[in-house]
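Protein sequences appear in the order of chains A and B.
1 is the number of the first residue of the first sequence in UniProt numbering; add one for each residue after it.
1 is the number of the first residue of the second sequence in UniProt numbering; add one for each residue after it.
Any given hint could be a false lead.
[Claimed, not checked] Residues from chain A shown here face chain B by an in silico Cβ test under 8 Å; the list is partial: (1) 141; (2) 535; (3) 561; (4) 566; (5) 569; (6) 571; (7) 575; (8) 576; (9) 580; (10) 582.
If you're looking for bench data, these hints aren't it; they were derived computationally from the structure.
This one's a predicted model, so the numbers in the text were calculated from it and none came from an experiment.
Note that the Cβ used here is the ideal one computed from N, Cα and C, for glycine as well.
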Amino acid sequence: MAFRKLDLTPALRPLLLPNETLLFVQDAVGLYEGRYKVPNYQNGSAYLTTHRICFINNEEPRKYSAALELKDVERFELYNGFLKSSAKITLFLRPSDPSLLNSASRSASRSPTYTPIQTPPRSSTPSQSFNINRQWICPICTFPNPFPSNFGPAIPIPPCLTCGVKPNRTVLDAVVNSPAPTPKLTAEPSSDSAQLQAVIDKSKNACPRCTFINDHALRNCEICGEVLSSDNIDESLASGGAVARNESPGPAYLGSIPLGEQIDSVKLSFRGGGEKSYMEKLKGAMVQRKWLLEQAPATPAVTSGAANLTLDSDPASIGGTPEVTERVVGIRGLERQSRNLRINNERTIAGAFEDLEALMSRAKEIIALAESFATQLSDNPSLANSDAKEALSNSANLLALRPTDFTVTKDQISSSSSTSTSLYHAELARSVADFLADDRRSILKKEGGAITLVDLWAIYNRARGIELISPSDLENAAKLFDKLQLPVRLRQFKSGLLVVQERNRTDEKIAKSVLAWLDSLAEAEAWDLETDQRWGKSILARDAAEKFGWSIAVATEELEMVEESGVLCREVGIEGVRWWKNPWMSD
Amino acid sequence: MADSALPGYYPEFYSFPPFFTRQPNAASWSSQLVQWRAFILAYCRAHKLWRLNLLDALDSPLFHNKAINRKLPLPVVREIITDLTATSNAEWTSPDKSAAYIFWRTPDDFATLLYTYIDDTGQKGTVLTLHELTDGDNTTDQEWYGMEQAMLVRCLNVLVKRGVAQVFSVGDDKGVKVW
């Protein structure tokens with residue numbers, strides 16, 4: 001279950017999932033499985049993202065690449081290397097027992113720094129299922145965190161998912177000592193409605209937090225995302241949920257790594273150094289655990305719901321002592337007053353975060369909206385003014401831009417490696433190639449298949465917005481296009497003008513298309529001048545630029561290139577150079 | 001269009017505007033050069049032009065197609081004439097390359113023609129003045145009729161080199177004796 005298939009972009013970089021960000025790249029890395037080297041996976045680049053570790057082989061990237069989900073990683077350690085053995089990072093994987101995996105991916109509550117734990121399957125221990133439904137409220141930011149499933153005195157406490165501050169152990173202890181929320185709701189039959197609810201709960205899949213009655217098959221509440229009662233989960237686990245995730249879904253695995261088997265550790269061998277910075281970034285990624293964000297409930301209602309729940313069960317969870325409801329004065333009164341104040345503060349903070357989350361969820365919508373604007377614009381023929389159209393779609397594109405898709409910064413590249421600059425340029429080249437190949441922008445298409453390096457520099461930097469790159473970096477990166485076998489290539493015209501163009505765009509193709517165009521021009525109109533009939537129609541570089549969408553500089557260079565091949569000949573006149581079909585070569 | 005009215009020695013390309021631009025492409029240029037060479041020689045032959053003054057010729061129909069308003073630039077003309085001199089079809093009259101003799105036949109060919117003419121008319125062994133050869137009443141239908149004297153001397157020198165003629169001065173004029 002460890003390695004997954006990895007999709008690559010045209011430029012042979014890992015295809016990032018939504019919300020996934022590239023953190024670091026290190027080349028000259030080999031892959032070990034347990035103690036043994038994995039054949040064909042010995043020289044490649046190890047990409048670290050917020051979600052995965054991606055290995056891409058240098059020679060045959062499409063064939064030999066694999067991804068390891070960080071959430072499958074139990075813990076990791078650094079081996080510094082000794083004599084001939086290079087430095088390694090060992091990643092210990094979670095046992096790939098399907099039921100355990102389920103709990104890991106769903107509750108996703110374990111901290112990576114835990115020692116491997118021999119937890120029996122969750123469903124067999126009541127304490128496990130008990131913990132699943134629990135949450136502890138961060139005293140700093142009031143975020144309801146999932147309770148660590150293996151909580152115990154010897155286990156270090158995981159930091160809060162939102163603010164990253166480790167809570168006091170007493171906070172978690174309080175949660176353990178307090179009655180579980182699920183039984184609490186059902187076991188308080190103080191009124192008729194509660195009794196009714198208990199009945200409903202038994203038959204239906206009611207949410208313990210918001211009481212919404214969910215479908216049987218769901219494990220998380222549809223409304224608030226709360227994990228539903230463990231009984232239901234176990235039922236669904238028994239009845240097919242587990243089957244779906246069972247063992248090996250064949251094609252997803254890679255042939256040469258024995259994936260059906262259980263791999264308990266994987267090593268990344270850093271032959272070219274760079275393990276220190278990689279380790280650092282890995283540590284950061286494991287602490288941040290960005291992959292949880294996808295599973296975290298996104299709607300703002302959750303926060304408020306959670307906050308309310310906190311307040312409801314407040315006396316137990318905060319003080320741990322039953323609260324006396326009679327009116328008190330003196331020191332107790334003051335204490336109570338300050339507690340009320342604190343509760344109020346919590347509410348305010350929760351409200352504030354509610355807004356933030358609302359903003360975040362809105363951001364996605366806005367991006368989607370902007371994208372739809374962009375497509376509408378490009379489809380709309382009524383916008384005759386191409387400049388305005390371009391400006392509009394540009395701004396829409398910018399709005400929809402997710403710079404993390406393609407930005408490579410120097411700090412993502414190991415500085416300790418001696419080849420770090422060339423690695424940086426290689427990564428930059430890949431990212432530029434991705435940028436150019438991006439369908440949403442289709443820059444090359446707009447530019448007629450070729451773009452001058454200067455224009456590219458401007459557009460690329462504009463798209464990046466921040467972390468701008470220098471022209472020389474871009475030039476160096478562009479020079480690597482060929483070596484990296486990217487779908488674009490750098491071409492130098494006779495005059496020294498550098499353009500980036502699609503790889504499959506050859507001189508012959510251009511010459512052919514220009515010739516075909518000239519022929520069609522000659523046929524299209526009946527010319528009253530005899531000369532024009534015999535010699536065809538002549539064009540200016542400007543006409544070609546208009547026809548093929550090139551910039552004038554590119555058009556001139558292309559036409560000169562075609563002339564070089566003998567298809568065209570020139571006529572230097574007062575209005576500039578006119579181009580004619582070359583009659584001398586056709587003889 | 002005046003094109004159809006042009007005499008036969010005008011090349012087809014005379015109406016092709018790029019013909020009046022020196023092509024940078026080497027292959028195109030070599031074809032273009034061949035056409036220009038042939039055209040210049042044919043034009044001079046038809047017009048009995050022996051000496052081409054470049055500045056004057058630039059405005060003549062030779063280098064200036066008024067119908068399409070295209071003119072061959074002076075440097076290109078010079079380049080073509082220089083190419084002609086390499087095959088003895090032209091000779092600069094002065095080092096500043098402002099004018100050239102145009103031999104639409106090479107001096108060798110003219111020499112052979114002259115020799116045949118003198119032989120056919122039974123004038124071997126007699127002294128002929130150059131004026132007689134170029135402007136005499138008997139040579140009006142000969143190709144070299146009207147040829148400049150300097151050019152004729154150049155041709156006769158070929159015969160001298162072959163050892164069948166001798167050139168000498170007769171008063172102001174020059175004489176030649178072929179045997």
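Structure versus earlier hints, numbers of those that do not hold, lowest first: 1, 3, 7, 8
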